[in-house]
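Asks: Listed here are the chains, written in short residue letters.
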Amino acid sequence: MSDSENKSIKALKKTWRQFSSALYIIFIIFSVVALLQNLIPHNFYSSLFINNPVVDSFTGALLGSISFGNPIGSYLIGGELVKEGISIVAITAFLLAWVTVGIIQLPVEIHYFGKKFAFVRNTVSFFASIVLAILINLIIHLW
Amino acid sequence: MVDNNNISSERNKKRGKGKVSTLLSLLMIFVYAVIYFADNKLFIESANTLWKMILQFAPYLFLIFLLMFLSELLITPEKAKKIFGNKSGIKALAVTSVVGILSVGPVYVWFPLLHDLKRHGITNKLITVFMYNRAVKLQIFPVMVFYFGLKFTIVFTIMLIIFSFFVGEIVGRLTPEEIKGAKPGQASTNTKENNF
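First to last, the protein sequences are chains A and B.
Residue numbers for the first sequence follow the working numbering, beginning at 1 and rising by one.
Residue numbers for the second sequence follow the working numbering, beginning at 1001 and rising by one.
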């Protein structure tokens, strides 16, 4: 067997070892997400906003942080909330936090990158989603 | 000289993490078993959702495996340092942003690959930039335009990419070194043994 073949087999074995370990974690996350998606009613989100842009953007970011699933889900919920009169700043914070902050996946993030990184990244992303939501809507108003 | 005590302690940590993963998996199976008897409808709905999610993300998992394999095979610490290291700041930011935007599937599916790249020298700043840019979803752009309009979608996307650099910078400064042996911008000099 040549050196390059040996190297490939070694890399394949190592990758499989890492990947099979990751599969456990993915299975756990999927199981939690699937369960919660069926437990939380669809009108749960709209009941939490009070029509105050500042408080609502914080609430939006908070909701986005604890939400999960494909981002298309956030667009659908966000779109419905806009129709119900919830401020677009709050919805923007919600959309941003949905993808950039992950409370549900925090244990997995800690597992791979350590507590400090996971907490700092999520905290910074949380506040960034509020600031960015305000900035985005300011630009849209000025445009 | 390699510190044998450190390696042994790292291995014990990995074994511990592996046990936790197995225990959590068993716990989830137990939770589903309890729900099966307590609320059969919820069990069927959740099991269906779980199955759909697995089917939906199976191709992405294959892609991740392929990328992890290629990374293991082709990316040497020197090459990774060249692409992601501090010296090539703007180039690294651009590459990371594009890869983040184009990446598919849930972010946690990417964690093993990012962790692997971290061992090869990728910084916390770049990991953050990658994760932040994942909020840009080109594949579901039309849905966003449909709900929020083209103007909102364009501003949202551009601002998000710009902001990812600031968030990355802040996180990078607050977490200068996270994993032992893999200093930011510096390839790991430690063993390449996996950390899972």
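Mixed in with the good hints there might be a few duds.
As the list claims (entries may be wrong) - The calculated lysine-lysine pairs, modelled on PhoX-like cross-linking and capped at a C-alpha distance of 20 angstroms, are:
| hint | chain 1 | residue 1 | chain 2 | residue 2 |
| --- | --- | --- | --- | --- |
| 1 | B | K1041 | B | K1052 |
| 2 | B | K1041 | A | K115 |
| 3 | A | K14 | B | K1052 |
| 4 | B | K1137 | B | K1151 |
| 5 | A | K83 | B | K1019 |
Because the hints were derived from the structure by calculation, they are not lab data.
Asks: Does each hint fit the structure? Answer for all of them.
Replies: Okay, the hints, checked on the actual structure:
{"no.": "1", "hint": "K1041/B with K1052/B", "in the structure": "17 angstroms, holds"}
{"no.": "2", "hint": "K1041/B with K115/A", "in the structure": "37 angstroms, violated"}
{"no.": "3", "hint": "K14/A with K1052/B", "in the structure": "29 angstroms, violated"}
{"no.": "4", "hint": "K1137/B with K1151/B", "in the structure": "16 angstroms, holds"}
{"no.": "5", "hint": "K83/A with K1019/B", "in the structure": "47 angstroms, violated"}
Taken one by one, the earlier hints fail for this structure at numbers 2, 3, 5, listed in ascending order.
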